[in-house]
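Could you put the whole structure together from the sequences, leaning on the hints where they help?
Number of protein chains: 4
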Amino acid sequence: MTQDVISGGQSIHAPDNLKTLLQTILQQALTVNDGKVADYIPALAEVKSDYCALTVATLDGQVTSVGDATATFSIQSISKIFGLMLAMERMSDSLWERVQMEPSGQPFNSIVQLEWERGIPRNPMINAGAILVSDVLVSHYSASKSAVLSMVRGLCNRDTVCVDSRVHESEKDHGARNAALAYLMKSFGNIESDVEEVLDHYFWQCALTMSTEDLARSFAFLANRGKCPRSGNQITSHRDAQRINALLSTSGMYDQSGQFAFTVGLPAKSGVGGGIVAIVPDYGVIAAWSPPLNSFGNSARGMAMIRNLANQLGLSVY
Amino acid sequence: MTQDVISGGQSIHAPDNLKTLLQTILQQALTVNDGKVADYIPALAEVKSDYCALTVATLDGQVTSVGDATATFSIQSISKIFGLMLAMERMSDSLWERVQMEPSGQPFNSIVQLEWERGIPRNPMINAGAILVSDVLVSHYSASKSAVLSMVRGLCNRDTVCVDSRVHESEKDHGARNAALAYLMKSFGNIESDVEEVLDHYFWQCALTMSTEDLARSFAFLANRGKCPRSGNQITSHRDAQRINALLSTSGMYDQSGQFAFTVGLPAKSGVGGGIVAIVPDYGVIAAWSPPLNSFGNSARGMAMIRNLANQLGLSVY
Amino acid sequence: MTQDVISGGQSIHAPDNLKTLLQTILQQALTVNDGKVADYIPALAEVKSDYCALTVATLDGQVTSVGDATATFSIQSISKIFGLMLAMERMSDSLWERVQMEPSGQPFNSIVQLEWERGIPRNPMINAGAILVSDVLVSHYSASKSAVLSMVRGLCNRDTVCVDSRVHESEKDHGARNAALAYLMKSFGNIESDVEEVLDHYFWQCALTMSTEDLARSFAFLANRGKCPRSGNQITSHRDAQRINALLSTSGMYDQSGQFAFTVGLPAKSGVGGGIVAIVPDYGVIAAWSPPLNSFGNSARGMAMIRNLANQLGLSVY
Amino acid sequence: MTQDVISGGQSIHAPDNLKTLLQTILQQALTVNDGKVADYIPALAEVKSDYCALTVATLDGQVTSVGDATATFSIQSISKIFGLMLAMERMSDSLWERVQMEPSGQPFNSIVQLEWERGIPRNPMINAGAILVSDVLVSHYSASKSAVLSMVRGLCNRDTVCVDSRVHESEKDHGARNAALAYLMKSFGNIESDVEEVLDHYFWQCALTMSTEDLARSFAFLANRGKCPRSGNQITSHRDAQRINALLSTSGMYDQSGQFAFTVGLPAKSGVGGGIVAIVPDYGVIAAWSPPLNSFGNSARGMAMIRNLANQLGLSVY
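Residue numbers (the numbering used here), protein chains in the order written: chain P, 2 to 319; chain C, 2 to 319; chain A, 2 to 319; chain L, 2 to 319.
Among these hints, one or two may not hold up.
Any copy, or any two copies together, can satisfy a pair, since identical chains are not distinguished.
Taking lysine to aspartate or glutamate and the DMTMM-like style, the derived pairs with C-alpha atoms no more than 25 Å apart in a straight line are [what the hints assert, rightly or not]:
| hint | residue 1 | residue 2 |
| --- | --- | --- |
| 1 | Lys37 | Glu170 |
| 2 | Lys173 | Asp201 |
| 3 | Lys146 | Glu198 |
| 4 | Lys173 | Glu197 |
| 5 | Lys37 | Glu98 |
| 6 | Lys146 | Asp165 |
| 7 | Lys228 | Asp51 |
| 8 | Lys173 | Asp40 |
| 9 | Lys37 | Glu47 |
| 10 | Lys37 | Asp51 |
| 11 | Lys146 | Asp35 |
| 12 | Lys173 | Glu193 |
| 13 | Lys37 | Glu118 |
| 14 | Lys173 | Glu116 |
Just so you know, these hints were derived from the structure itself, not from any lab.
And the structure:
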């Protein structure tokens with residue numbers, strides 16, 4: 002038995018037993034075996050490929066999970082949302098003079114495009130954009146890491162969220178391309194602080210470890226017009242929540258963002274640790290995790306799980 | 002006095018007198034004077050720059066207009082939606098082997114990207130993609146122009162919709178770059194029919210002339226889960242309507258699509274004739290027209306009018 | 002026994018029996034089997050891969066050949082020199098406002114670079130540059146093909162030089178990429194005549210058929226300060242002969258020009274028919290032919306033969 | 002009165018009084034006022050724009066100079082030849098697996114091309130290539146700076162040649178783009194040593210200060226088949242001298258190399274300090290200096306002086 006709820010302007014087919022639906026979807030996803038765990042640093046390459054988790058947090062406060070939903074993993078690029086939130090708060094509209102808001106049409110680590118755009122990244126969801134955001138944080142916060150950590154712990158209501166220092170160090174050791182992006186932006190005058198310090202912040206925030214339950218709780222405010230449904234705190238304005246969702250819709254899934262909009266229709270962000278979060282305005286957040294990545298750097302099973310769930314519940318914002 | 006309606010998951014602040022609101026927005030837009038009428042062909046360059054129109058068609062069948070809303074103009078790239086609809090119907094999923102669904106991150110007439118992508122356009126909303134779609138129509142319909150015209154006339158319920166033959170001829174005379182795109186795709190084996198015939202269809206559909214009222218009526222099905230609210234005909238499946246809206250959201254406004262999503266938050270398509278249509282799922286369609294274009298090729302006043310209306314009514318899908 | 006002659010500022014180790022040396026070099030070249038006959042048009046793909054010819058024409062009028070040196074083949078891009086000669090004569094310095102003289106650093110048919118350079122080809126030895134030159138000829142000669150044919154027949158002293166009409170037609174049928182280059186130049190206003198006519202001239206001159214003896218005789222003036230050693234006619238000024246040699250040195254061997262300068266050190270031009278001509282200032286011309294091409298589009302055996310001969314005789318201009 | 006000498010395969014019109022000719026050419030050059038002194042670092046921007054020097058060192062040991070020919074200046078990219086000489090000596094042919102020998106067709110500091118070529122620079126005369134060469138020196142010499150300095154002092158026979166430490170430090174402070182190039186190569190695995198150390202060597206060698214007389218003497222071996230005409234030492238093999246000259250011919254004058262070959266016809270290398278050296282095989286070396294640069298980064302007066310001298314003496318190798 003199901004009941005209809007109104008969300009995204011559409012009646013969502015909400016099952017009596019969401020958990021059963023999630024379980025079915027997770028089982029189907031486990032048959033997907035065509036991805037490859039990120040191996041550019043040893044600390045990520047060692048992660049077991051059979052982890053799989055799916056969590057839905059709805060705005061009424063319910064959190065429904067299946068699989069390894071409390072196991073923590075490296076959130077990697079999902080952290081770009083956290084950095085962006087703080088930078089938007091601190092810089093307001095002037096932020097957008099230093100980073101654009103356009104889809105890139107290029108791989109996430111493209112240096113070619115950064116050169117064409119004279120050191121102005123296309124958006125804050127590609128690496129160059131997130132490094133630019135890290136420069137803003139390092140330049141405008143006395144303790145940029147603490148600022149991020151404090152915000153994240155508050156959002157997911159878990160004070161033990163921390164960074165995997167081995168991943169952090171490993172990223173720095175293998176971060177030559179990101180260093181190239183940062184130095185190129187500096188050569189165009191678009192990095193204010195010391196490049197090494199900026200990169201250190203960037204790699205640090207990529208190394209945050211969270212579970213799908215942590216992520217689903219953290220981003221509930223984006224589905225709730227900027228207000229955290231648990232605490233009632235207005236995290237961002239409704240307008241800024243919509244803006245962040247817009248950025249995620251056009252640029253959140255690397256160079257597969259268009260396909261994700263076409264087949265799923267939700268604002269979302271992925272990370273090479275295998276995590277994906279998808280925002281369903283006025284309904285809730287879906288968080289998925291499974292380490293093997295497709296050729297675009299998105300979790301193969303995570304994509305499949307969110308697509309199935311969104312299609313079955315009719316969640317597309319379009 | 003206003004009343005609240007539910008749309009896009011959000012209560013839309015629907016004014017008693019929508020016409021008064023539109024009138025105010027149109028007056029404000031007329032103070033915007035920083036665009037430039039398209040001048041790459043004489044037939045477009047001659048259009049008076051002070052035309053301005055704004056129409057809202059809601060799903061209950063009401064059409065509210067201010068300004069030159071029954072004057073017809075060259076719809077140009079807005080016609081890409083019509084072409085795409087027929088190609089999706091004829092080709093189904095195999096269409097997406099010949100054109101991608103990713104934002105381009107490049108100007109609409111980029112030949113560089115088409116070369117990188119080995120003749121596979123990034124999406125059907127850039128010129129290369131629409132030329133590819135024209136090849137599909139020319140190759141799969143015995144009379145591709147008639148097929149488009151018949152569909153368009155039916156959608157907007159006006160049997161006198163036609164093509165401006167002077168614009169059509171003028172486009173052909175100045176179409177060297179589009180010819181370059183077509184021949185490059187042919188060199189990669191991605192054009193089946195004769196290039197001249199394909200370009201003729203493409204230039205022909207760009208030269209369709211319609212009013213904002215015509216456009217608002219035509220695309221109402223995209224806001225109505227694929228069904229035409231006037232005739233009750235299911236024009237496309239709900240799924241395909243969502244897919245088209247997704248493409249418009251990531252790629253409909255040329256290289257300003259990300260900014261439009263960020264500031265407006267609606268699927269939309271513009272043309273260099275100065276027209277813009279924006280889809281509000283489960284609410285209706287906004288159509289705007291004013292010839293002067295900003296540097297991205299989008300109507301400067303049209304952008305301003307739709308942004309103001311969307312923000313005041315809270316229409317963002319995000 | 003050998004004698005020393007002075008050429009290129011260096012004593013050239015000229016063997017008593019040049020023919021014997023050429024024979025040895027040709028035999029060694031026949032053991033090279035790693036190329037692939039051009040197959041983009043059937044008429045070229047059918048050419049037997051075991052043809053091999055080597056000719057040296059010295060300024061004293063001697064022509065020494067081994068192998069299939071009187072068999073004719075499609076000279077393809079070698080014809081770019083003939084076109085350039087006529088265009089330089091007709092346009093003088095103003096030619097260089099429409100085509101640059103810089104190495105391209107890109108494949109010979111790059112459309113990306115042409116876009117960056119706003120329709121101005123990097124040099125007359127890449128396809129775009131030669132198409133531009135063809136536009137000059139079509140626009141400035143009442144009968145551009147006759148002008149080329151007459152000049153070529155005079156240079157090689159053979160009135161039966163002609164075009165392989167099957168190759169000519171076949172090039173046109175498979176010329177989509179060159180059409181893309183031409184239309185892109187036209188879109189930038191850098192093509193004056195009708196694109197179809199320009200391409201027809203270009204494909205026609207590529208289809209000229211000549212033997213290595215024809216080629217060696219034809220280009221002797223480039224080694225002789227502009228004067229044809231046979232007729233005594235001043236074909237170009239000394240300055241223009243040096244300029245053409247300079248272009249061949251930086252841009253004559255496709256994207257292997259730098260390597261050819263490094264390993265051989267002579268101005269040279271190749272064609273995908275398998276022919277190569279190399280100019281030795283104040284000494285003579287080397288012409289080689291063998292159809293199988295390396296990955297850069299240069300004759301694999303032709304490269305080997307010219308390199309061996311140049312190294313053994315000490316012919317580098319550097 | 003003049004006498005004819007044989008060089009480059011051509012009789013060179015050697016004036017009785019070379020000094021008078023040089024004086025005339027220098028006076029003409031001083032009327033050229035359209036360049037701009039390099040200003041990317043303060044230490045270069047401060048150099049007086051009216052310095053001008055011209056030196057010819059012939060293989061008989063004569064050194065003829067006019068203007069500020071003993072004043073020292075920052076040789077900048079001319080140092081790339083010194084680095085390359087040591088790297089060729091140490092690495093032999095394996096060097097060319099890590100750097101190509103093709104003209105770049107791009108600005109000297111292009112990062113776009115380096116990305117396309119997967120971290121393999123197009124040639125050792127662009128910045129990326131010279132940084133790669135610096136990595137070779139840092140990795141293969143226990144004291145790479147000493148090795149360079151010792152070689153340079155020996156070549157020009159002046160033990161006081163040194164580095165301008167203010168320029169060296171200043172380059173490091175403004176070296177973000179070069180750092181981007183180095184880190185990008187490292188990300189492709191093509192830098193072995195520590196990036197900071199590699200860049201330090203690179204910036205150090207760019208800061209070498211020499212006079213036109215120093216430079217003319219230093220590179221005489223390149224005109225003399227590898228042998229220093231003063232000491233009689235074989236600096237490189239004849240083959241390697243020709244190879245270096247070939248690289249200078251196709252890639253020595255930044256993105257004006259093709260034009261320099263076309264109008265002058267000599268292997269040459271320029272630096273943003275305003276120096277240029279040109280090699281005349283079997284004749285000698287021309288060195289020119291004047292700080293104001295044209296838009297390509299080449300000394301405007303230096304180009305004019307070398308072109309005039311080469312044309313008047315008929316020095317083109319082609």
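Violated hints - listed by number, lowest first: Hints 7 and 11 not satisfied by this model.
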